[in-house]
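K.L.:
Chains A and P supply the protein sequences, listed in that same order.
Quick note on numbering: the first sequence equals residues 1 to 274 in this note's numbering.
Quick note on numbering: the second sequence equals residues 1001 to 1339 in this note's numbering.
Worth flagging that the hints you see were computed from the coordinates, not collected in a lab.
Remember, predicted model here, so these are calculated numbers, not experimental data.
It cannot be assumed that every hint is accurate.
Calculated lysine to any residue pairs in the SDA-like style (CA-CA distance at most 20 Å, straight line) [to be verified]: (1) P:K1018 with A:V177; (2) P:K1337 with A:A265; (3) A:K193 with P:I1129; (4) A:K102 with A:R65; (5) A:K102 with P:K1219; (6) A:K120 with A:D225; (7) P:K1315 with P:A1289; (8) A:K269 with P:Y1319; (9) P:K1331 with A:T272; (10) A:K269 with P:L1260; (11) P:K1315 with P:D1298; (12) P:K1040 with P:I1129; (13) P:K1090 with P:P1056; (14) A:K193 with P:T1272; (15) P:K1301 with P:I1336; (16) P:K1138 with A:S236; (17) P:K1301 with A:D270; (18) P:K1219 with P:E1266; (19) A:K251 with P:V1039; (20) P:K1301 with P:K1187; (21) A:K120 with A:G76; (22) P:K1090 with P:V1039.
Reference excerpt, derived from the structure (chain P facing chain A, CB under 10 Å, subset only) [what the hints assert, rightly or not]: (23) G1109; (24) I1202; (25) A1304; (26) A1317; (27) H1318.
Which residues of chain A face chain P? A partial, calculated answer using Cβ under 8 Å [as the list claims (entries may be wrong)]: (28) L109; (29) P143; (30) Q144; (31) A152; (32) V154; (33) T155; (34) K159; (35) T175; (36) A182; (37) I240; (38) S242; (39) K251; (40) A255.
Just so you know, even glycine gets a beta-carbon here, dropped at the ideal spot from N, CA and C.
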Amino acid sequence: MKDINHTPKEGGYTCVVCIKQVPDTKKVTGEAMKADGTINRAALPAIFNPEDKNALEAALSVKERYGGRVVAITMGLPAAKAILREALACGADEAVLVTDRKAAGSDTLATSYILSQAVKKFNPDLVFCGRQAIDGDTAQTGPQIGEKLDCAVVTYLEKLDLDGNVAIATRDIGTGVETCRATLPALFTVTEKFGELRPFEMRRVMKYKNAEPEILDCAAIGCEDDRCGFAGSPTSVNKIESVVLAGGEFKEIAATDEGIGALVAELIKDHTIG
Amino acid sequence: MKNTQGEVWVFAEQEEGKLSDVPFELLGKARELASKLGVKVGAVLMGSGVEALAKPLFEAGADVVHTIDDPALKVYRNKAYRHAMVELVKEVNPQIVIFGATHMGRDLGPSVASALRCGLTADCTDLQIGDYEDKKTKETFTNVLHQIRPAFGGNIIATIVNARNWPQMATVREGVMKPLPREEGRKGEVVKHPARLEGVEIPVEVVDIVRRHSSVNLKGSRIIVCGGAGVGSKENFKLLHELAAALGGAVGGSRAAVDLGYCEHERQIGQTGVTVRPALMISCGVSGAVQHLAGMQDSAKIIAINTDKDAPIFKVAHYGIVGDLNVVVPKLVKAIKGK
Ligand SMILES: Cc1cc2nc3c(=O)[nH]c(=O)nc-3n(C[C@H](O)[C@H](O)[C@H](O)COP(=O)(O)OP(=O)(O)OC[C@H]3O[C@@H](n4cnc5c(N)ncnc54)[C@H](O)[C@@H]3O)c2cc1C
Ligand SMILES: Nc1ncnc2c1ncn2[C@@H]1O[C@H](COP(=O)(O)O)[C@@H](O)[C@H]1O
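Looking at chain A on its own, in the form it has when it is part of the complex (with noise of 0.2 Å):
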């Protein structure tokens, strides 16, 4: 990463965006379970991750506002070129696709393992990734990618400034909302209220159709084999249940003022309601 004095104004910001494709988990239908409790990965449209639109947003606003270049980057199987084009169509500049066997099986430690490495080869003055993905929901690769660069970590950004080197951001903390100023370079994880993706630019759809991403493998930056996959992730998967609720027993009430009145009675009496 670049050195904490630089001056990055000139010749604007390079912005990094980390997104992910995703099986689209709201069209989680009987068809998409198998019979054994996992998923059927191929009943389910892979879409671009919803918060990483938001992230791509952020880092497109930064060089439409300071001038720079936007970068996006994933990490995944050769169909994830798919987000990749659509990401160059709304105004990204360079597309790279990290994609390796090594990869296979990384829990969220080895694939922020991995991006951090991707990132690196870039020099990026801001890094942007989604709060979350909905396949597995974390929220974690973000932060952890922040951690591996060793920068400025803001999560949940609704909004962003720049002066120079320092960041001026408003982030959600829960219970309020946080401004601060960050020092570049920095990793920021962005939620929906940063603002929707642009539309495409028609000409740039035609244009970058079947664009050809960048290609990396684990090797070309960097990795150690025993930090990426299976090796390098400690968590692992005991057991899936699929959620299959079991037909409980109830008492059924019938919609009358009989049957009501006896329900609030019931209620009355075992002290649930005073």
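Given the structure of chain A, go ahead and fit chain P with the ligands onto it with the hints provided.
P.N.:
For chain P with the ligands alone, coordinates are given in the frame of chain A:
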């Protein structure tokens, strides 16, 4: 590295000198885990001028409170808290560390895990001690932490273990674990540690914090009336407010109800909203999607009102009323007022 005699830790999140609810909930679970393992429960208290907060932590189940009191820790900042916590873990070597899955916990937990290169499971809904066999190597591990969480949009429940690189770490949602009854006068040991922040550059300065004073307190409510898309309109949601008022309860909503603008986002119950466990939940016009159930199915009593007799909400209900909420809710209000 693996310290089988290590303590079970809870990160005792505080802001402006006030502990949030989560540490109390987590201490309840930590006690259970620690007694299975025969080890102590530790709470980690970081901040500036926070010594007085040790007492309530002892009364909630902590045996040891590790404090790091330093002006640089007055407001939460990732780098400062991460650094202090990482050094503390290295020094004391706990076997389990649990964080609340709050904004702060989800910022700090992953950073600490990354620095220590250990695993972290997000948003657990249950934690248990058990054995684990690695099916590939046939190695068995005894007394490891089983971290149970919904995944894939709540469609599956996964049990994650972290058998090799300890400490084993997890974040847990607010409202999921039960606090123990407060044990007045219960004492423990305070251990003070330095923050070790000399020479550590902290790249973030907090300029301003505007607190949200939420008028909605779902987690603290004994009775909740929850509305879904079936309520039909914002106007009609008033029916639920009437019922809640008659019972002295609060009003919650499903995500569909929030998305449709029937109620505020802070009222959302479920996987991506709050998790609640009230004494009584009255669910009106909610279908009972898994993501919703994840946030309410542990309610002590559930009354479901739905026109569709096959709605999944009935599978978790104790009392079911198959009918139109526009008819049923006014009847309930009348019966309660006239009791
Ligand atoms: C990653 C992810 C996270 C999610 N997180 C959450 C979450 O935190 N919380 C949450 O709630 N959802 C969540 N959801 C959404 C969830 O899957 C459902 O879409 C949502 O809970 C449905 O809300 P509903 O039951 O109000 O609406 P619907 O499913 O539309 O159900 C409406 C119900 O009202 C009944 N009804 C209609 N008219 C009447 C009437 N007059 N009287 C009585 N009954 C009537 C209908 O029979 C129906 O059962 C999440 C989804 C995903 C993918
Ligand atoms: N395989 C990946 N490729 C690129 N970015 C990723 C990947 N996995 C996670 N991320 C980034 O990290 C964020 C959080 O992901 P998660 O920790 O899985 O919830 C996502 O919104 C992305 O910005």
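K.L.:
Run every hint past the structure and note whether it holds.
P.N.:
Do the hints match the structure? See the list:
1. P:K1018 with A:V177: Judged against 20 Å, a Cα distance of about 17 Å means the pair holds.
2. P:K1337 with A:A265: Roughly 12 Å between the alpha carbons, so the hint for P:K1337 and A:A265 holds.
3. A:K193 with P:I1129: Violated, at about 39 Å.
4. A:K102 with A:R65: violated (39 Å)
5. A:K102 with P:K1219: Between A:K102 and P:K1219 the Cα gap is close to 44 Å, so the pair fails against 20 Å, i.e. violated.
6. A:K120 with A:D225: Satisfied, since the Cα-Cα distance of roughly 17 Å is no more than 20 Å.
7. P:K1315 with P:A1289: With Cα atoms ~11 Å apart, P:K1315 and P:A1289 stay inside 20 Å; holds.
8. A:K269 with P:Y1319: Judged against 20 Å, a Cα distance of about 15 Å means the pair holds.
9. P:K1331 with A:T272: holds (18 Å)
10. A:K269 with P:L1260: Not OK: A:K269 and P:L1260 at ~37 Å, beyond 20 Å, violated.
11. P:K1315 with P:D1298: holds (12 Å)
12. P:K1040 with P:I1129: holds (15 Å)
13. P:K1090 with P:P1056: Not satisfied, since the Cα-Cα distance of roughly 26 Å exceeds 20 Å.
14. A:K193 with P:T1272: holds (15 Å)
15. P:K1301 with P:I1336: holds (17 Å)
16. P:K1138 with A:S236: holds (14 Å)
17. P:K1301 with A:D270: The given pair, whose Cα atoms are some 11 Å apart, holds under the 20 Å limit.
18. P:K1219 with P:E1266: Holds: P:K1219 and P:E1266 sit about 11 Å apart, inside 20 Å.
19. A:K251 with P:V1039: Judged against 20 Å, a Cα distance of about 44 Å means the pair is violated.
20. P:K1301 with P:K1187: Answer violated: P:K1301 to P:K1187 is near 35 Å, above 20 Å.
21. A:K120 with A:G76: Distance of about 18 Å is within 20 Å: holds.
22. P:K1090 with P:V1039: holds (18 Å)
23. G1109: Holds, because the Cβ-Cβ distance from P:G1109 to chain A comes to roughly 8 Å (cut-off 10 Å).
24. I1202: holds (9 Å)
25. A1304: holds (7 Å)
26. A1317: holds (4 Å)
27. H1318: holds (6 Å)
28. L109: The hint holds - A:L109 has a Cβ within 8 Å of chain P, the shortest such distance being about 6 Å.
29. P143: holds (4 Å)
30. Q144: Constraint on A:Q144 satisfied, holds at 4 Å.
31. A152: holds (4 Å)
32. V154: holds (7 Å)
33. T155: Holds. Min distance 5 Å.
34. K159: With Cβ-Cβ at 13 Å, over 8 Å, it is violated.
35. T175: holds (6 Å)
36. A182: At 5 Å from the nearest chain P Cβ, A:A182 passes the 8 Å test, so the hint holds.
37. I240: holds (5 Å)
38. S242: Constraint on A:S242 satisfied, holds at 6 Å.
39. K251: Hint holds; A:K251 Cβ to chain P Cβ min 5 Å, cut 8 Å.
40. A255: holds (3 Å)
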